[in-house]
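Engineer: Sequence:
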Amino acid sequence: MALKQISSNKCFNGFQKVFEHDSVELKCKMKFGIYLPPKAESGKCAVLYWLSGLTCTEQNFITKAGFHQAAAEHGLIIVAPDTSPRGCNIEGEDESWDFGTGAGFYVDATEEPWKTNYRMYSYIKDELPKLINTNFPTDPERMSIFGHSMGGHGALILALKNPGKYKSVSAFAPICNPIQCPWGKKAFGGYLGSDLSKWEAYDATHLVKSYPDSHLDILIDQGKDDQFLSAGQLLPDNFIAACTEQKIPVVFRLQQGYDHSYFFIATFVNDHIRHHAKYLNA
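For the sequence shown, this note's numbering begins at 9 and goes up steadily by one.
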């Protein structure tokens, strides 16, 4: 699969690059950001995948999160894909900010007209890692995942649905129980139809109840002044309760005064990179 380099910038002695490729899974051109730490010039590196939230592209994390120094120090490749297919000319794809373009929700759609292109779950799980491992100096056995909001939901479900695939998982303000919140109901209804069992297959609070063992160390940071927390979109308490019941270790940190923005992410991103490096570099 041919990669086309869009940009390359030296950063903390590594390189922040953006590439474009034709996605087989999504049937459109997709972009992703990739940070190659200095270590990548001489050896194979572990890979940490970042999933962004609603309305984001591959640009938000790489320009706003300030993760590069920590990634360089720990020798981690960090990959930040786009959040949905783009330019598929599906009727209604650009009508609202929380559904369609920029809002793929990391599911494989089963409903028309979305099911042909909106297969972000399979793209992140299979196609993208294959592409990264083929083209960059990675150790395919060492990968982890984290994300924000809709992407925090994506990171949690990918880790929970694929035991052992990811060494660790973390999230900022994740949508923890989408089948119970307005964003989730809208997205799942549109992409997955009315069968609630299909919804449950992409809900972290539901998935954790059948997770086979406790070998998953989850870190979650949540801003206490997050407008979406108070609006009932994120529902972390439901997820924490389910984890506690299953004896799955989760560190949940409610951060006083922080909101839902990238200022919040930038404040704590180094903690998350350390969390992952502990497992990826073990």
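Just so you know, these hints were derived from the structure itself, not from any lab.
Possibly wrong hints are sitting among the right ones.
DSSO-like, lysine-lysine: derived pairs with alpha carbons at most 27 Å apart [stated by the list, open to error]: (1) Lys25 / Lys47; (2) Lys47 / Lys35; (3) Lys37 / Lys12; (4) Lys194 / Lys35; (5) Lys232 / Lys194; (6) Lys39 / Lys217; (7) Lys72 / Lys133; (8) Lys133 / Lys37; (9) Lys47 / Lys18; (10) Lys35 / Lys52; (11) Lys35 / Lys232; (12) Lys133 / Lys47; (13) Lys173 / Lys18; (14) Lys169 / Lys286; (15) Lys286 / Lys72; (16) Lys169 / Lys193; (17) Lys123 / Lys72; (18) Lys123 / Lys173; (19) Lys72 / Lys206; (20) Lys217 / Lys232.
In this text, all values refer to a predicted model and were calculated from it rather than measured experimentally.
Engineer: Compare the structure with each hint and give your call.
Structural biologist: To see whether the hints hold, each was checked on the structure:
no., hint, result
1, Lys25 / Lys47, "holds, 15 Å"
2, Lys47 / Lys35, "violated, 34 Å"
3, Lys37 / Lys12, "holds, 10 Å"
4, Lys194 / Lys35, "holds, 24 Å"
5, Lys232 / Lys194, "holds, 25 Å"
6, Lys39 / Lys217, "violated, 34 Å"
7, Lys72 / Lys133, "holds, 25 Å"
8, Lys133 / Lys37, "holds, 18 Å"
9, Lys47 / Lys18, "holds, 14 Å"
10, Lys35 / Lys52, "violated, 30 Å"
11, Lys35 / Lys232, "violated, 39 Å"
12, Lys133 / Lys47, "holds, 25 Å"
13, Lys173 / Lys18, "violated, 31 Å"
14, Lys169 / Lys286, "holds, 22 Å"
15, Lys286 / Lys72, "holds, 24 Å"
16, Lys169 / Lys193, "holds, 20 Å"
17, Lys123 / Lys72, "violated, 32 Å"
18, Lys123 / Lys173, "holds, 25 Å"
19, Lys72 / Lys206, "violated, 34 Å"
20, Lys217 / Lys232, "holds, 26 Å"
Going through the hint list in order, the structure does not satisfy hints 2, 6, 10, 11, 13, 17 and 19.
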